[in-house]
Structures are given as structure tokens and as C-alpha cells.
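Peer 1: Residue-level listing of the chains:
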Amino acid sequence: METMIDSRMMMTDFLTALFDKLDVAGVAVMSKLPSGEKTAFTLFTGKDDIKECVPFFPAMPANAARAVSKFTRQAVPSKTVAVFLRPCELRAFTELIKIKQASFDNLLILSYDCSGVFPFQEINLSDETKLNAYRDAVSTGKNCEGIRPVCAACTRFTPQGEDIAISFVGRSTDQPLVFSFPSEKGLAAAEQLGLDVSNTVAASSAVESLAQERRSAEEELTAEVDASLSDTQGLVNVFDRCVSCHACSYVCPICYCKNCYFDSQTFEYFPESYFIRMQAKGALRFPVDRVLFHLGRLSHMGVSCVACGMCEDVCPVNIPVSQIFKTAGSKAQALFDYIPGENYDEPLPLLAYAEQELEEFED
Amino acid sequence: MIKGIWVEGPVKKGVLDFLNGLLAEKKIKAVLMPAKNKGGDSYAWFLMGKDRLLESADPVPPVMTTQGANVVSYLTKKGPVWEKTAVLLRPCEYRAVIELAKIKQVDLTNLVLISFDCPGAYPLEKYVNGDPEELDESFEVCLGGVVELDGPRNVCAICHRFTGTGADIEIGLMGGEGKGFWLVPGSKQGEELLDGAVGSESDNIDVREKAISDRTIARETKRNNTLDSFQETVMGPENLLNTLSACINCHNCSRVCPICFCRECYFDSKALSSEADNMLQRAQRKSGLRLPPDLLLFHLGRMSHMSVSCVSCGACEDACPANVPVSMLFALAGRNTQAVFDYEPGRRLDEAIPHTVFKFEELKDFETPYIKEYSKV
Amino acid sequence: MANNETDIKIVAFLCNWCTFTAADLAGTSRLKYAPNIRIVKVMCSSRIEPVFILKVLLDGADGVFIGGCAPGDCHYSKGNFYARRKVALAKTLAKSAGLDSERIRLSWIPASEGPRFAHVVNEFTAHIKELGDNPARREVYI
Numbered sequence: 102m103e104t105m106i107d108s109r110m111m112m113t114d115f116l117t118a119l120f121d122k123l124d125v126a127g128v129a130v131m132s133k134l135p136s137g138e139k140t141a142f143t144l145f146t147g148k149d150d151i152k153e154c155v156p157f158f159p160a161m162p163a164n165a166a167r168a169v170s171k172f173t174r175q176a177v178p179s180k181t182v183a184v185f186l187r188p189c190e191l192r193a194f195t196e197l198i199k200i201k202q203a204s205f206d207n208l209l210i211l212s213y214d215c216s217g218v219f220p221f222q223e224i225n226l227s228d229e230t231k232l233n234a235y236r237d238a239v240s241t242g243k244n245c246e247g248i249r250p251v252c253a254a255c256t257r258f259t260p261q262g263e264d265i266a267i268s269f270v271g272r273s274t275d276q277p278l279v280f281s282f283p284s285e286k287g288l289a290a291a292e293q294l295g296l297d298v299s300n301t302v303a304a305s306s307a308v309e310s311l312a313q314e315r316r317s318a319e320e321e322l323t324a325e326v327d328a329s330l331s332d333t334q335g336l337v338n339v340f341d342r343c344v345s346c347h348a349c350s351y352v353c354p355i356c357y358c359k360n361c362y363f364d365s366q367t368f369e370y371f372p373e374s375y376f377i378r379m380q381a382k383g384a385l386r387f388p389v390d391r392v393l394f395h396l397g398r399l400s401h402m403g404v405s406c407v408a409c410g411m412c413e414d415v416c417p418v419n420i421p422v423s424q425i426f427k428t429a430g431s432k433a434q435a436l437f438d439y440i441p442g443e444n445y446d447e448p449l450p451l452l453a454y455a456e457q458e459l460e461e462f463e464d
Numbered sequence: 006m007i008k009g010i011w012v013e014g015p016v017k018k019g020v021l022d023f024l025n026g027l028l029a030e031k032k033i034k035a036v037l038m039p040a041k042n043k044g045g046d047s048y049a050w051f052l053m054g055k056d057r058l059l060e061s062a063d064p065v066p067p068v069m070t071t072q073g074a075n076v077v078s079y080l081t082k083k084g085p086v087w088e089k090t091a092v093l094l095r096p097c098e099y100r101a102v103i104e105l106a107k108i109k110q111v112d113l114t115n116l117v118l119i120s121f122d123c124p125g126a127y128p129l130e131k132y133v134n135g136d137p138e139e140l141d142e143s144f145e146v147c148l149g150g151v152v153e154l155d156g157p158r159n160v161c162a163i164c165h166r167f168t169g170t171g172a173d174i175e176i177g178l179m180g181g182e183g184k185g186f187w188l189v190p191g192s193k194q195g196e197e198l199l200d201g202a203v204g205s206e207s208d209n210i211d212v213r214e215k216a217i218s219d220r221t222i223a224r225e226t227k228r229n230n231t232l233d234s235f236q237e238t239v240m241g242p243e244n245l246l247n248t249l250s251a252c253i254n255c256h257n258c259s260r261v262c263p264i265c266f267c268r269e270c271y272f273d274s275k276a277l278s279s280e281a282d283n284m285l286q287r288a289q290r291k292s293g294l295r296l297p298p299d300l301l302l303f304h305l306g307r308m309s310h311m312s313v314s315c316v317s318c319g320a321c322e323d324a325c326p327a328n329v330p331v332s333m334l335f336a337l338a339g340r341n342t343q344a345v346f347d348y349e350p351g352r353r354l355d356e357a358i359p360h361t362v363f364k365f366e367e368l369k370d371f372e373t374p375y376i377k378e379y380s381k382v
Numbered sequence: 002m003a004n005n006e007t008d009i010k011i012v013a014f015l016c017n018w019c020t021f022t023a024a025d026l027a028g029t030s031r032l033k034y035a036p037n038i039r040i041v042k043v044m045c046s047s048r049i050e051p052v053f054i055l056k057v058l059l060d061g062a063d064g065v066f067i068g069g070c071a072p073g074d075c076h077y078s079k080g081n082f083y084a085r086r087k088v089a090l091a092k093t094l095a096k097s098a099g100l101d102s103e104r105i106r107l108s109w110i111p112a113s114e115g116p117r118f119a120h121v122v123n124e125f126t127a128h129i130k131e132l133g134d135n136p137a138r139r140e141v142y143i
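Chains as they are written, first to last, in our numbering: chain A, 102 to 464; chain B, 6 to 382; chain C, 2 to 143.
Errors might be hidden in some of the hints.
[What the hints assert, rightly or not] If you anchor each label on the Cβ, the simulated ranges turn out as follows:
hint : chain 1 : residue 1 : chain 2 : residue 2 : range
1    : A       : L226      : B       : P242      : 19 to 27 Å
2    : A       : Q380      : B       : T238      : 34 to 42 Å
3    : B       : K83       : A       : Q380      : 54 to 62 Å
4    : B       : P15       : C       : L132      : 41 to 49 Å
[As the list claims (entries may be wrong)] Derived pair list, reagent style DSBU-like, types lysine-lysine, alpha-carbon separation capped at 35 Å:
hint : chain 1 : residue 1 : chain 2 : residue 2
5    : B       : K227      : B       : K369
6    : B       : K184      : B       : K109
7    : A       : K133      : A       : K201
8    : B       : K55       : B       : K31
9    : B       : K275      : C       : K56
10   : B       : K55       : B       : K89
11   : A       : K180      : B       : K275
12   : A       : K201      : A       : K148
13   : A       : K432      : B       : K43
14   : C       : K56       : B       : K43
15   : B       : K82       : A       : K359
16   : B       : K41       : A       : K171
17   : A       : K359      : B       : K184
18   : B       : K31       : A       : K359
19   : B       : K41       : C       : K96
20   : A       : K243      : B       : K131
21   : C       : K79       : A       : K432
If you're looking for bench data, these hints aren't it; they were derived computationally from the structure. No experiment lies behind these values; they were computed from the predicted model shown. Cβ atoms here follow ideal geometry from the backbone N, Cα and C, with glycine treated the same way.
Isolated chain A, as found in the complex (with noise of 0.2 Å):
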């Protein structure tokens, strides 16, 4: 466990202290749309801007690990730029890194242990009532209600792998705020920022009662989709509504590619196979290949998948797919012992392998 250090400073003046002090060159955050009522991750250069940044703004409308894969992909910016990411959003942004979709050169990351977020659609900035009740969940480490069911069961709500930390859970956000500083980037900064290290803090006892509450959630949620998954006749009933948008590999972070496998040409067939199909089964629905895709798109990101809910936010037919992918992506990646996100050097496990392993897959 880091130390973490009572920093005195509320977030804008650490917002303009990372322009003053560690002289960033932006600072990408959640911020609010002039609209008033829904915000975007955002990028800011100068410290004048900042004034509607909410970092803690319990709402995903994207990925940012996405955001920040376009925009470090073509060149690393040439100065540091601070970047907020949600634990999973980290996560999902070391998988794009192991396979350079992103980098982390010149880039700060900051993050913090995430209480969860609402369905984008159904949180506004003006949405007071359910926002205090946020709060008050994020103070007592409990789960709020309303938030969306894959955030309930996220036992992975503490970051890995960021330079600063902020201390969430179990505080309340009208107080200074609580650092601690995991990498060598990040202690610099802290001296940089000339933080007082002997102003240290307690860890929240929030945070353990949050951990328990989420891990019962994700044994219920494991157990849900099992049992809805038991055969194929529950297969063919979860995905029965999928209208084949793809909406839900368009968002995710980790579907990188340009030209999905699903949307190719391996997938189009000449007509008379459409209708030898129909002969053998009377009908052939359409679009075909529809369950396929969920399940292709699972080997193809399961075992790097975050569960960051983007998906299931984004469907327009309501299928809980990130219910779905958490639960059968936990099961693939406890097959490799891979932990998406854990750590940038470690090799996808269908790109390594060890000569004695697996046995009971093979004979």
C-alpha cells in the first residue's frame, strides 16, 4: 500500500497547480458541455479552461482509454499531458498499449478508486437527487443505487498502474484531496508539487466494505449469467433481440480494429449459400452470423476485456452484453491466469504459451 499524503489542495487548485507547477502541456478530463447538462471528456490547455472540469462525474459517454488511443496512436504529444482515467479505462489503456494502439510517453496518468458510474442516458449534470445520493454512497463505500450492474460487481475499483492516485472512496469530495504517488513519474510530481510527504492519511475502512459489497455482487451477476447461459436454447434467448449493430464493438476499447472481422467480406456469402442454408433449416434469419459475433468478438477481447460497461450502455436493444463479456471474459482470462490491464509487459496470452500446460485440453 502506498502512503497516501493529505495534499491540501482541492481539485482546482491541483488542476492549476499541474499547469503552474509540473508545467503540463493539457490536462484531458471529464468536463461539462455547454449544453449544462452532459459532459465529454475533454482536453485542456491552459489552466483558465479548467472551470468546468468534473473528474468524478459518475458517467462513461466514452472509454477514454479510446480517446486517448486516437490520441496518442500517431505521435506521443511533445510535452507531459495529464490524463484522468477511471480504473477500468487504465486498464483498457495498458491493453492498447501491449498492442500499440496507445502510449503512455509524456502522458501523467492520474486516477482513482471509482464508486461506479450510471448509464450515460440516465445521469444529467442537474440530476441533484441522485448525484447527493452518489456522494453520500461514495463517503460510506457502498454501492449507490442506480448504477449500472457491472460497476456494482467491479471488484477491480482501485487503479493499477497510474502515477498519481487520488483517494476516493470513503471521502467526501469537499475535502482536500488525498494522494499517493505508485511510480517514479508520479513521486517526482508529488515533489514537483511540493507536497508536504509528513501530512500522511489513513486508508478508508469505505474501501474494504466497498470491496465486499461489490465481491457478493459479482458472484450474484456470475451466477445470473451463468444460469442464463446454461445451453444453447439460453444462448439463442440472451442474444434473441440483437438487431447487429456492432454498436457494442464500436465502443469498446479494446476492439481496435479499423476494419472488424465481423463487418468483413469473410462474412458475406454468395446467395445460393443463403439459400442451401434455408433449405437445411426451413428459415435463415437474418442478418446471419449475429450470435457468432458476440461470441468471435469474445475470443478475439475477452481475455483482455475491463468490463467497463461501454457496450452494454451503448445497445439498443437492452442486452446486458457487458454482463455478459465480464462474466465469460473473467472465465477466459482465469484460464491463461491473465489479469487485463495488471501490467504493460506482460504478453496476451494467445501471443505466448508454455510447453506443459493446458493438458486437460488435448490428448
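Fit chains B and C to the supplied structure of chain A, relying on the hints for placement.
Peer 2: What follows is chains B and C alone, placed relative to chain A:
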């Protein structure tokens, strides 16, 4: 050409009987049309024809799950079907099929396009979250064209091209008051297929024509008024940005759009990606840059790519996870751009897409009269 | 249509260097084995993607068989190690999605072992017969 055949009785059953009849007589070999999904809470498309149609087949479904033109494109993109296949389409789906045929994403060979007087559709979200049985029932009431659908999608409420004019066979529902329907041939092929159909030679079809023209006039006025007042709320970059503020840049509107056929969308391409420093500069210039950038450009650019062909089918809005009024935005853009070229998407197959043709003398309003200005100086 | 013996369909992905050669040997040695497999030859078992396996199952084949060189004997030195991971992933996902992972089998059969190939195919076919038809085969709504 015969004017139409009147088939008395329940509409949906009558249409299925007609199609089953065509299959039995081997006049067609297959039918591509929607049917209820397994859970009965939504619809999907099915290619059928091994023997009979599925019991759950529904020629006039209350929702649009996948745009029919996309489905026809899946079926025929790689080449024509070998055997005669009937396709049941909403009028907007039919028009999108014609637009896709123009850009070679659909092969019409051996297809029999059948459309109907469309009562509109419910928003997909409303249907999957609501009580399907109840909604089915209230939809059924609107089939006769007397009652307007309660709570349809925004674009359906202002749809002024709700008949399948141009299709091989039109299923006339308007004016039938739910007591029956007309089978109206729209082509030689359609007429041949109607030969021997069960029903009576129609002497009452002018009832339908009257009902259609009444509703068309009402809808045109409503459409123009609605779009005009909508235009006022979105005019100017600021208003437009506010309208789009919920947009999360997921591009799902373009993925479900039948006209947006590109496998790799320009707005996902490298053309629009840039270095981090470039984005920092943009952020500096504008006191903040939304990431990923180019949200407004995506919508406006997409309008420039496809609005002349936009058939106002509303698939974009159904698929939008953020409830942005995309379909209204594109209906508006489409109305305005189509007027410039006097183009109506899906009207006729031989009508060229405006970007691909020109006249020597046209669009004078868009040119600056250079010589005149020059002579003033 | 239940369990008509010839109706069972097994798709077999066989690596060019070992298992396909073994199948060839079984044929030239006139060994009799169950006629239910349809062979797809691939250059290496690592060519098999989990998607292939899942596609085959969802489209209604009753079994999927993947054959490759024994570990350490891969013609490309380590392809089969990757193949094993991919098959393991496919089986795990199939299971968590409600498909019967018993319908997927990975076997290492060296080129010289024709009889073993025949034996494995018979054994797997018998096992699939026991499992019965793949429910996905006649499922219209999939």
C-alpha cells in the same frame, strides 16, 4: 394493367396466404420478410420458402429492427439471387433498396419487391422496453389507415411517402379500414404474379387513392411545419452542438444507415487522425477540445455524403444510444439538399444520384457572378 | 431427426504435416473409420482461430475436431502450442456461452499413426453420437 385485386379479410393473414400461394404455385421460390423473434419481443428478418412461411411471419411489423435494405444488400451484394425471391419492405426500405441498387450494393435481378401503405413504426426502444402484445394490438388497429399510430417514431409521424409506389406489388391498406386490402401491381412482373391471385377485381380502389391523397396532403404540411420549427432550434453551430451534446461519437447511426454502405467510413479513417501535438494546438485555439474530436464534422460530413439519398427511415435514431434526434436532423438536411437537385431518393432506378451527373446550365444560385462583380470595380 | 448415424457431421481441421498425413495413411492402409468427418486441411493447427470453431458449432455441425502435430514436433516448431491455447479459449468460451464444449476435441496425431487416427475418429464420433444432435443445427432463431 389491372388496377388492383381486393382481398377481403384480416390483412396480415391475407398477405401471408397470398405469399404462401405464390410459393405453392412455384411462382416464387423464396420470401425475405420480417417475423417475430423467438422471445416474441422483437422482430428479425427471415429468408423462407422451403415449404411454408413461418407462422410468426409478419408483413407489416410494428418496429424496424434491421433496415430491410441492409438485409437485401446482405443477400445480393455478391451477386444476383438465382431464383425468384419476394421481399417485403416498408416504403422507406424499398426506397433505400433502389438507392443501394444505384450504387451497386443491391442486385435487383430476380427480386420481387413488395411494399405496403405503411402505418409507421414504434421506436425500437419503446417496443423492446414496452409490452409487445399491447403495442401489437394498438398497431393492428392502425392498419386500415383510418386511425393514426399512437406514439410513432419522429420521422414516421411526418412521413409523406408512406406508400410503396414503384414496387412490383403494393399492398394497399389505406382506405381498406382493416376489412381487407388491395394487391396493386406496379410492374409487369407484379402483374404476372397477381394473375390468379384469390380476390375480386377491384372496383373500389379509388377509396384508397382518396385516402392516400388526403393523408399525403396532411403529412406534407405537418412535415414542413415540423421540420421548419426544428430547423430554427438547430440553426447555427451553437444550437447544433447543443442538439448533439448528448452524442457520444459512437457512429452507430452510420452503421445502421442503409445508405452509409462504406465498409470503412471516411470518418473512422486515418484521414481524420492526427498527432497529439496537433490536438493540443486545436485545444489551445478553442480553449478545450473534446476527445475524440470531430464530432460535429462527422455528422455534417455524413450529411454531405448521404443526405441526398436519405430516405428518412429513422434507423439512425432507433440505434442511437444517446437519444439524439438524428433522424430529424437528417430528414431536415435531406429535405433541403434533395430540393436543390430536385431529387427524390428511391423514386426511380434510372434517376441518377445528383453527385454523379451535371447539366451545363444549372444551380446558378450557387455561383458568384464573377464578371459582374469584377466590372463594378 | 434424431441420430441417424450418417447424419452426424463432424468438421475436422487437420494440420498438413501430421494429422492430415495420418488421415491419408489411414486411407491408403484401407483402415475403416466412421464416415462422419469432413476434413479441412490447414497448414498448421495454429491456423485455427476460435472463431472457426464457434462458427462451425453455431452453424450446426455436431462436432469439431482439431488435429495437429504432437507438442515439440510442430513443423513450424511451436505452432501447436499456440493452437492449444486457442482451442482452450474456444472451449472455455463455448462452455460459458451455453454451447457444449464436449463437442470440441483437440488431438495430437503424428503422421505415421494412421491406425491411431482411425481410432480417435471412431471414438470421437461415438462420443458425439452419445451427445446427440447439436441443438443449434435446426435452431431457426440463432
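Peer 1: Could you run down the list of hints and mark each one as holding or not?
Peer 2: These are the hints, each one checked on the structure:
{"no.": "1", "hint": "L226(A) - P242(B): 19 to 27 Å", "in the structure": "holds (22 Å)"}
{"no.": "2", "hint": "Q380(A) - T238(B): 34 to 42 Å", "in the structure": "violated (52 Å)"}
{"no.": "3", "hint": "K83(B) - Q380(A): 54 to 62 Å", "in the structure": "violated (18 Å)"}
{"no.": "4", "hint": "P15(B) - L132(C): 41 to 49 Å", "in the structure": "holds (44 Å)"}
{"no.": "5", "hint": "K227(B) - K369(B)", "in the structure": "holds (30 Å)"}
{"no.": "6", "hint": "K184(B) - K109(B)", "in the structure": "violated (40 Å)"}
{"no.": "7", "hint": "K133(A) - K201(A)", "in the structure": "holds (31 Å)"}
{"no.": "8", "hint": "K55(B) - K31(B)", "in the structure": "holds (11 Å)"}
{"no.": "9", "hint": "K275(B) - K56(C)", "in the structure": "holds (31 Å)"}
{"no.": "10", "hint": "K55(B) - K89(B)", "in the structure": "holds (13 Å)"}
{"no.": "11", "hint": "K180(A) - K275(B)", "in the structure": "holds (23 Å)"}
{"no.": "12", "hint": "K201(A) - K148(A)", "in the structure": "holds (31 Å)"}
{"no.": "13", "hint": "K432(A) - K43(B)", "in the structure": "holds (28 Å)"}
{"no.": "14", "hint": "K56(C) - K43(B)", "in the structure": "holds (21 Å)"}
{"no.": "15", "hint": "K82(B) - K359(A)", "in the structure": "holds (21 Å)"}
{"no.": "16", "hint": "K41(B) - K171(A)", "in the structure": "violated (41 Å)"}
{"no.": "17", "hint": "K359(A) - K184(B)", "in the structure": "violated (52 Å)"}
{"no.": "18", "hint": "K31(B) - K359(A)", "in the structure": "violated (44 Å)"}
{"no.": "19", "hint": "K41(B) - K96(C)", "in the structure": "holds (28 Å)"}
{"no.": "20", "hint": "K243(A) - K131(B)", "in the structure": "holds (32 Å)"}
{"no.": "21", "hint": "K79(C) - K432(A)", "in the structure": "holds (25 Å)"}
When the structure is compared with the earlier hints, violations turn up for hints 2, 3, 6, 16, 17, 18 and for no others.
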